[in-house]
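Asks: Please work from the sequences and hints to get the whole structure.
Protein chains: 4
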Amino acid sequence: MSDEQVAPPAFPTSLGTSTADEIRLLGQDLTADLMGKVGFGELAFWLVALRRPTPSETRVFEAVLVALADHGFTPTAIAARVTYLSAPDSLQGALAAGLLGGGSRFLGVTEDCGMFLHQALAGGEPPTDETGWDDLALELVEQSRANGTFIPGLGHPVHKVQDPRTPVLIDLVREEGLEGPHLKLFQAIGRVHEQVLGRKLPLNGAGVCGAALADLGLPVELLRGFALLARAAGLLGQLAEERRRPIGMDIYSTVDRNAVYVDPES
Amino acid sequence: MSDEQVAPPAFPTSLGTSTADEIRLLGQDLTADLMGKVGFGELAFWLVALRRPTPSETRVFEAVLVALADHGFTPTAIAARVTYLSAPDSLQGALAAGLLGGGSRFLGVTEDCGMFLHQALAGGEPPTDETGWDDLALELVEQSRANGTFIPGLGHPVHKVQDPRTPVLIDLVREEGLEGPHLKLFQAIGRVHEQVLGRKLPLNGAGVCGAALADLGLPVELLRGFALLARAAGLLGQLAEERRRPIGMDIYSTVDRNAVYVDPES
Amino acid sequence: MSDEQVAPPAFPTSLGTSTADEIRLLGQDLTADLMGKVGFGELAFWLVALRRPTPSETRVFEAVLVALADHGFTPTAIAARVTYLSAPDSLQGALAAGLLGGGSRFLGVTEDCGMFLHQALAGGEPPTDETGWDDLALELVEQSRANGTFIPGLGHPVHKVQDPRTPVLIDLVREEGLEGPHLKLFQAIGRVHEQVLGRKLPLNGAGVCGAALADLGLPVELLRGFALLARAAGLLGQLAEERRRPIGMDIYSTVDRNAVYVDPES
Amino acid sequence: MSDEQVAPPAFPTSLGTSTADEIRLLGQDLTADLMGKVGFGELAFWLVALRRPTPSETRVFEAVLVALADHGFTPTAIAARVTYLSAPDSLQGALAAGLLGGGSRFLGVTEDCGMFLHQALAGGEPPTDETGWDDLALELVEQSRANGTFIPGLGHPVHKVQDPRTPVLIDLVREEGLEGPHLKLFQAIGRVHEQVLGRKLPLNGAGVCGAALADLGLPVELLRGFALLARAAGLLGQLAEERRRPIGMDIYSTVDRNAVYVDPES
Numbered sequence: 230m231s232d233e234q235v236a237p238p239a240f241p242t243s244l245g246t247s248t249a250d251e252i253r254l255l256g257q258d259l260t261a262d263l264m265g266k267v268g269f270g271e272l273a274f275w276l277v278a279l280r281r282p283t284p285s286e287t288r289v290f291e292a293v294l295v296a297l298a299d300h301g302f303t304p305t306a307i308a309a310r311v312t313y314l315s316a317p318d319s320l321q322g323a324l325a326a327g328l329l330g331g332g333s334r335f336l337g338v339t340e341d342c343g344m345f346l347h348q349a350l351a352g353g354e355p356p357t358d359e360t361g362w363d364d365l366a367l368e369l370v371e372q373s374r375a376n377g378t379f380i381p382g383l384g385h386p387v388h389k390v391q392d393p394r395t396p397v398l399i400d401l402v403r404e405e406g407l408e409g410p411h412l413k414l415f416q417a418i419g420r421v422h423e424q425v426l427g428r429k430l431p432l433n434g435a436g437v438c439g440a441a442l443a444d445l446g447l448p449v450e451l452l453r454g455f456a457l458l459a460r461a462a463g464l465l466g467q468l469a470e471e472r473r474r475p476i477g478m479d480i481y482s483t484v485d486r487n488a489v490y491v492d493p494e495s
Numbered sequence: 230m231s232d233e234q235v236a237p238p239a240f241p242t243s244l245g246t247s248t249a250d251e252i253r254l255l256g257q258d259l260t261a262d263l264m265g266k267v268g269f270g271e272l273a274f275w276l277v278a279l280r281r282p283t284p285s286e287t288r289v290f291e292a293v294l295v296a297l298a299d300h301g302f303t304p305t306a307i308a309a310r311v312t313y314l315s316a317p318d319s320l321q322g323a324l325a326a327g328l329l330g331g332g333s334r335f336l337g338v339t340e341d342c343g344m345f346l347h348q349a350l351a352g353g354e355p356p357t358d359e360t361g362w363d364d365l366a367l368e369l370v371e372q373s374r375a376n377g378t379f380i381p382g383l384g385h386p387v388h389k390v391q392d393p394r395t396p397v398l399i400d401l402v403r404e405e406g407l408e409g410p411h412l413k414l415f416q417a418i419g420r421v422h423e424q425v426l427g428r429k430l431p432l433n434g435a436g437v438c439g440a441a442l443a444d445l446g447l448p449v450e451l452l453r454g455f456a457l458l459a460r461a462a463g464l465l466g467q468l469a470e471e472r473r474r475p476i477g478m479d480i481y482s483t484v485d486r487n488a489v490y491v492d493p494e495s
Numbered sequence: 230m231s232d233e234q235v236a237p238p239a240f241p242t243s244l245g246t247s248t249a250d251e252i253r254l255l256g257q258d259l260t261a262d263l264m265g266k267v268g269f270g271e272l273a274f275w276l277v278a279l280r281r282p283t284p285s286e287t288r289v290f291e292a293v294l295v296a297l298a299d300h301g302f303t304p305t306a307i308a309a310r311v312t313y314l315s316a317p318d319s320l321q322g323a324l325a326a327g328l329l330g331g332g333s334r335f336l337g338v339t340e341d342c343g344m345f346l347h348q349a350l351a352g353g354e355p356p357t358d359e360t361g362w363d364d365l366a367l368e369l370v371e372q373s374r375a376n377g378t379f380i381p382g383l384g385h386p387v388h389k390v391q392d393p394r395t396p397v398l399i400d401l402v403r404e405e406g407l408e409g410p411h412l413k414l415f416q417a418i419g420r421v422h423e424q425v426l427g428r429k430l431p432l433n434g435a436g437v438c439g440a441a442l443a444d445l446g447l448p449v450e451l452l453r454g455f456a457l458l459a460r461a462a463g464l465l466g467q468l469a470e471e472r473r474r475p476i477g478m479d480i481y482s483t484v485d486r487n488a489v490y491v492d493p494e495s
Numbered sequence: 230m231s232d233e234q235v236a237p238p239a240f241p242t243s244l245g246t247s248t249a250d251e252i253r254l255l256g257q258d259l260t261a262d263l264m265g266k267v268g269f270g271e272l273a274f275w276l277v278a279l280r281r282p283t284p285s286e287t288r289v290f291e292a293v294l295v296a297l298a299d300h301g302f303t304p305t306a307i308a309a310r311v312t313y314l315s316a317p318d319s320l321q322g323a324l325a326a327g328l329l330g331g332g333s334r335f336l337g338v339t340e341d342c343g344m345f346l347h348q349a350l351a352g353g354e355p356p357t358d359e360t361g362w363d364d365l366a367l368e369l370v371e372q373s374r375a376n377g378t379f380i381p382g383l384g385h386p387v388h389k390v391q392d393p394r395t396p397v398l399i400d401l402v403r404e405e406g407l408e409g410p411h412l413k414l415f416q417a418i419g420r421v422h423e424q425v426l427g428r429k430l431p432l433n434g435a436g437v438c439g440a441a442l443a444d445l446g447l448p449v450e451l452l453r454g455f456a457l458l459a460r461a462a463g464l465l466g467q468l469a470e471e472r473r474r475p476i477g478m479d480i481y482s483t484v485d486r487n488a489v490y491v492d493p494e495s
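Residue numbers (our numbering), protein chains in the order written: chain A, 230 to 495; chain B, 230 to 495; chain C, 230 to 495; chain D, 230 to 495.
Careful, some of the hints might be misleading.
Identical copies look the same in the list; a pair holds intra-copy or inter-copy alike.
Straight-line Cα separation of at most 25 angstroms, SDA-like style, residue types lysine to any residue; simulated pairs [stated by the list, open to error]:
id : residue 1 : residue 2
1  : K266      : T360
2  : K389      : M344
3  : K266      : P396
4  : K389      : I399
5  : K266      : E405
6  : K266      : S285
7  : K389      : Y481
8  : K389      : A488
9  : K266      : A469
Please keep in mind that the hints were generated in silico from the structure rather than gathered at the bench.
Replies: Right, dumping it as structure tokens:
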């Protein structure tokens, strides 16, 4: 604390600024250059990466967001809907409550997988042929087994044989010529792990999303953010549905009516 | 509480469901029908409205989201960034903290304006010519003045003459043939209010966004949700920037160093 | 935006400040005057009201917090627990998600009742005898019925005859000599409403809490805050229980397994 | 998804339940046994630990909460206040936004220190005299230095010589006869670290809080929760102050006016 007022430093930004006559965003004129000319998905990518994505990159990026937007009555959807029941005065509270579930367990695969692959590639030059990828993959799977850890993105609790999103997203990425090292490595893990683990696991579609986003050059420490952006759209849909055909009260009374007191001493 | 387990009712949804082999969303097969075929903005619209928007509707919808995504160092951006400084362990917490500022004061214009126009139109048949619209608008402006209330969306704290987003969005909406009663009424208010209020105010671009969303048939009680979705993208950009060139600590120390204790008795 | 750095104004506070050697809070030395000498409930009161409560006030205040802390598997508890399931990486996220349900519907009675009574008393001098209170109460009940509105705090969804908290809190307030106009008016409403409404409703204990807090001179616009503080303790208990004997996954799978797709066209 | 309704499991709880006539909490009758008889701090402890604290434990516990409640214009206070500025419609949103900053960086010391000490003690029997404690402490400090990690709770960014909270809390804990292994170990670290690190650092008061809470037998994975509970009270005070003498707008305009656009290419 000081009696003298201390002037703040400058607050630099490469995002949005405005004057009385103009609104600028990302070094562009919002109204002349962006509105109606740049899509929302494009802008979301641009706001993080500080470069405008190509049409191919946009297609892959938006396919990932579409894949991650809504997974039915997930914990995030439940939290959003019971919060909206309890506090209909604040749509932003219900949305925020839902997004707060976007953490390590139920929304973590995309980011964990992307970061895992990214770290594995950090060492040096990426392999140049399928054998090279398979060798690197084998190393990683063996390391994980030795450490007693799981490879993020390998396996799925429901889609035990194949996650339907996986082949579709891989095809799309290839169509757009954007198959990069993260996705190559992930597919290699898919090919070789059975030798080591003794069973065949599917590549989790959300993990493929992480690999694809990393291959687009998006910062891996922010991959969770894209899952959250996607989920924001899904949660708006859940909240719209809660207005139309509420289930919040039914969830609440289902839990409440089946509550049983347990003496902690017993 | 009951000793007998009470079976829950069914939990109906028109959004996402899945089985071991298939993921469905909005009655579609996510992987075959949506990924790579439907854009993220399209999907967001569809998730709320339960119908797929036309390309024209998508263009207007995404232009609105782009217009609302980032407005620089707003309270929402500040909250997100200082939260991320303080709790870098939780990106979802920082995003949620930012979105929690999306309430009545700083993000309310879109929804307030849309709802105001919607209520004004609720009475009966919409006017059929400009004079009709002007008459209805005049009535509303006079009512507001009599009530001592403001018309939401009329005026802007910074863009005192014209909000640059306004003419661009109106042109875009007309280009796409989607100018509807909410926007017509809002423009009429823009034409006539000077007679009543004695000064000429600009139509707030965020208000035009609300009118445009309402004309797309989106539920007016959820307009805030679209501003929040847009802002989620903007906040991801702010958080990416906080990682690259942080300002959170500077904001904190600017406030902290200029803190002055005040005795409440004085 | 400006090229010249603009010095900030001072940021005044009557709460916490610190130097290298000293930590001050509310004009006191935190370590010499507060720690071990002032209770947590006392401090919470003091932080809002800017005055230290008397022992009697503290007893009533803490009884209110105890009354509001946990109500079992409420929407707030459900939201907190499923969020913790989904994002165990962030305890603050789970707590925040739970508190976000502390809004108008499920935690609103305390504040709505307190504000209603406060507004009713705002007019002029409070009545001086029971007849005077009954007359004022009758007026309010009749007004409400004429407006088609409910009196906040009158009635309870479960405790149809008597809310067990009500007589206990009223007795406690009287014991401590702190029965003030808000509680007097609320009790009068309890006495007279049957004449007007044709049925006898209990005074909601959470409403009595609101009246008691208002009688302690706490700002009525912040009554929700005290319910939230109380609930924060309850939610910590719920989260501790979620760690010991989780139900989050069971809630999630109960909802998910009973999901039924509904075609919106039907 | 299934066409047959699946009955939920029971939802067990040792916290709150209620019937039409009775409200029970922690196996007690809320109104007969708790309200007016148990303090709020006591109840908060009880809700997590599932046992009622002794008066001595309550005194230490509440002293910790008082120590952690408010630290002036922290990032949490800033986030709460600018959120309240932006969304005055939701007090719970402003409080939640503030609490979301209660994460690893600015509120992490209490929990990190408690967990660090707890893990160090996990091995076997605690030492029985000061020499024993010093030896264990020396081992830990040397390990940390070898790993290149810091000991949580050792050092303070502002109180470079002594954190004023530290001696006061230690005295209080001893007065109440509650000095346990965590605090003994932490003090030993305070005695010996200079030999290893080459400089003398103060024991952070928030770290002492963590040690004290761990010695009370509270679960170390929830220590952050107690800091959050304490901070909830502090934030209510900040929000009350924001209503009385707002600074949110000044924070916002300070940042906004000192914003400078930076071309990312440069």
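Asks: Now, for every hint given, state plainly whether the structure supports it.
Replies: Going through the hints against the structure:
1. K266 - T360: neither (44 angstroms within a copy, 33 angstroms between copies)
2. K389 - M344: Answer is within; shortest intra-copy Cα gap is 23 angstroms, inter-copy 38 angstroms.
3. K266 - P396: Cα proximity of K266 and P396: across copies only (15 angstroms, versus 31 angstroms in one copy).
4. K389 - I399: Within one copy only: 18 angstroms inside a chain, 50 angstroms across chains, cut-off 25 angstroms.
5. K266 - E405: Both ways: K266 and E405 sit 21 angstroms apart in one copy and 13 angstroms across, limit 25 angstroms.
6. K266 - S285: Close inside one copy (16 angstroms) and across copies (13 angstroms); limit 25 angstroms.
7. K389 - Y481: between (31 angstroms within a copy, 20 angstroms between copies)
8. K389 - A488: Only across copies: K389 and A488 sit 21 angstroms apart there, 33 angstroms inside one copy, limit 25 angstroms.
9. K266 - A469: The answer is between: 23 angstroms across copies meets 25 angstroms, while 28 angstroms in one copy does not.
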